[in-house]
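If you number the sequence shown the way the UniProt record's numbering does, the last residue is 103 and the count never jumps.
Hints listed in this document are in silico derivations from the structure and should not be mistaken for laboratory results.
Cβ coordinates follow ideal geometry from the N, Cα and C atoms, glycine included.
Warning: the hint list may mix true and false statements.
Said to hold, decoys possible - In silico BS3-like links for lysine-lysine, alpha-carbon gap of 25 Å or less:
id, residue 1, residue 2
1, Lys57, Lys92
2, Lys31, Lys97
3, Lys92, Lys31
Stated by the list, open to error - Have a look at the derived ranges for each label pair, beta carbon to beta carbon:
id, residue 1, residue 2, range
4, Lys57, Asp11, 27 to 35 Å
5, Pro79, Ala18, 20 to 28 Å
6, Ser82, Pro26, 17 to 25 Å
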Amino acid sequence: HGTCSGLSAVDYVSSAIATQKYIGTPDVISKNAGRNNVLAGDIRTAYGSDYVALICKGSNHALSEVRTCYSSDLQNQIPCPSSVLKQDNCGKQRGSKVSVYSF
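Put together the whole structure using the sequences plus the hints.
So this is what it looks like as structure tokens:
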């Protein structure tokens, strides 16, 4: 979570927030939040399957985190290392669905 960036904790978090605001939330999430279950594969495709790990909670597979990976300067999305990808627990079987709740 930013230790490789060389930034202070405050600068890293500020940069991470700015990056998230810039890239936004894919339509597959924002248009279905609170309404429909979504294919986990569709979310991975929206981010790039090697660039994201989806973290789900509970028996209904509620999407709780979307972990993406960026270069140390936060300018470029990069493939996530296997240590991040193996944390993905939102079902990788074809047709696996996740619940996307609105806040």
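We went through each hint and held it up to the structure:
For the suggested pair lysine 57 and lysine 92, the alpha carbons sit about 15 Å apart, so the restraint of at most 25 Å is met. For the hint linking lysine 31 to lysine 97, the alpha-carbon distance of about 15 Å falls within 25 Å, and the restraint holds. For the proposed pair lysine 92 and lysine 31, the alpha carbon gap of about 22 Å is at most 25 Å, so the pair holds. Taking the beta carbon of each, lysine 57 and aspartate 11 are about 30 Å apart, inside 27 to 35 Å as hinted.
About 22 Å separates the C-beta atoms of proline 79 and alanine 18, a value consistent with the hinted range of 20 to 28 Å. Distance hint for serine 82 and proline 26: a CB-CB separation of about 23 Å, consistent with the stated range 17 to 25 Å.
When held up to the earlier numbered hints, the structure conflicts with none and fits them all.
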